[in-house]
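*Asks:* Note that the protein sequences, when read in sequence, are chains A and B. Per numbering that gives the first Met the number 0, the first sequence starts with residue 0, numbered consecutively. Per numbering that gives the first Met the number 0, the second sequence starts with residue 0, numbered consecutively.
Be a bit skeptical, because a hint or two may be false.
What the hints assert, rightly or not - Here are some of the chain A residues that sit facing chain B, going by a computed Cβ distance under 10 Å:
id	residue
1	SER37
2	ALA43
3	GLY140
4	CYS163
What the hints contain is simulated information worked out from the structure, not anything from laboratory work. Bear in mind that the values here come from a model prediction, so they are computed numbers and not experimental data. The beta carbon of each residue, even a glycine, is placed where N, CA and C say it ideally should be.
As a plain string of letters, each chain reads:
Protein chains: 2
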Amino acid sequence: MTDHRSGWIVTGHSEPYAVGRLMVHRDEVVTPDGLDRSYVWVAARDQVRVAALVEGKLVFVEQDHYLIGRTLQLPGGTLNERESPEEAGRRELSEETGLHGGVWQSLGHLCPLPGLTPLGVHLFLAIDAVTGPVVLEPGEGDIAVHRLPPLEAIEAIRAGRIACAASVALVYAALAQP
Amino acid sequence: MTDHRSGWIVTGHSEPYAVGRLMVHRDEVVTPDGLDRSYVWVAARDQVRVAALVEGKLVFVEQDHYLIGRTLQLPGGTLNERESPEEAGRRELSEETGLHGGVWQSLGHLCPLPGLTPLGVHLFLAIDAVTGPVVLEPGEGDIAVHRLPPLEAIEAIRAGRIACAASVALVYAALAQP
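Kindly produce the complete structure, drawing on both the sequences and the hints.
*Replies:* Following this line, the structure appears as structure tokens:
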């Protein structure tokens, strides 16, 4: 069988490990330049990040991450089953910051680690969402919400305070919107 | 034992799957707000991306990726053993594009998927590298090199032609350098 991606041929497949949120796949492939390889990769659900601009300030969440320690991110998270990217973005923004409503616009999607996983992070710009109650998911009780003016957001990126690659890309993309 | 990251307590650990380039870890943890959880995550080597500005244009590589299809990226790849991020960046830039030398500057590092893996992508700006021979790694015979003026690079991001999150963040960061 020939894979749908141009140039790659898939000759075998196994799933050596799976747990709730991820599955490890091992494919036997022939590369576009003719080499036999085992390609091990990880499947996991798509994610979403939201650049919420409220009164001209960008909304960030700060949290202790198990793997990388304390960092700022734009609000977001993993899509639930049968949830569209925008539905997930609205849910996550509301849960983490209490903000809801506003004018939403897709800014496309990115692949954080295209050699390791095909998972995408969907990006949204939300203008003038309004304040409501914060309803954190279990395990997110340590979230702090910050509102940064654009220049302070860029300074936070330069100082290494925003580790999340999709958040950094989205901050720049949101501030570069015409 | 208490983990070094503030707030998280680790009570158990196993490594349910490992292959050459990745290892799956499963930790039993107590979250900062007191919940017992199994935290499954992936360890893999750090990566590097390079924004090479040559005669005012940004250098991109275009390639058929097994997992996400054809896309533009900034040159880069995975660190070899005992290789510093800058050494890896110089090696990858040279292998993929033939460019070497120039004035190099670190622009920090990002975490592409901070909830799934702690791996970092180290970012560099390389000004005025000079042309030499291209020596592709096995499996990279389909690489095409493009030089885009800054406005075309931003247009390529907006058109969704640059899927790689670290590449997008680094394009904006490089063009925003004072």
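*Asks:* Of the numbered hints stated earlier in the document, which are not met by this structure?
*Replies:* none
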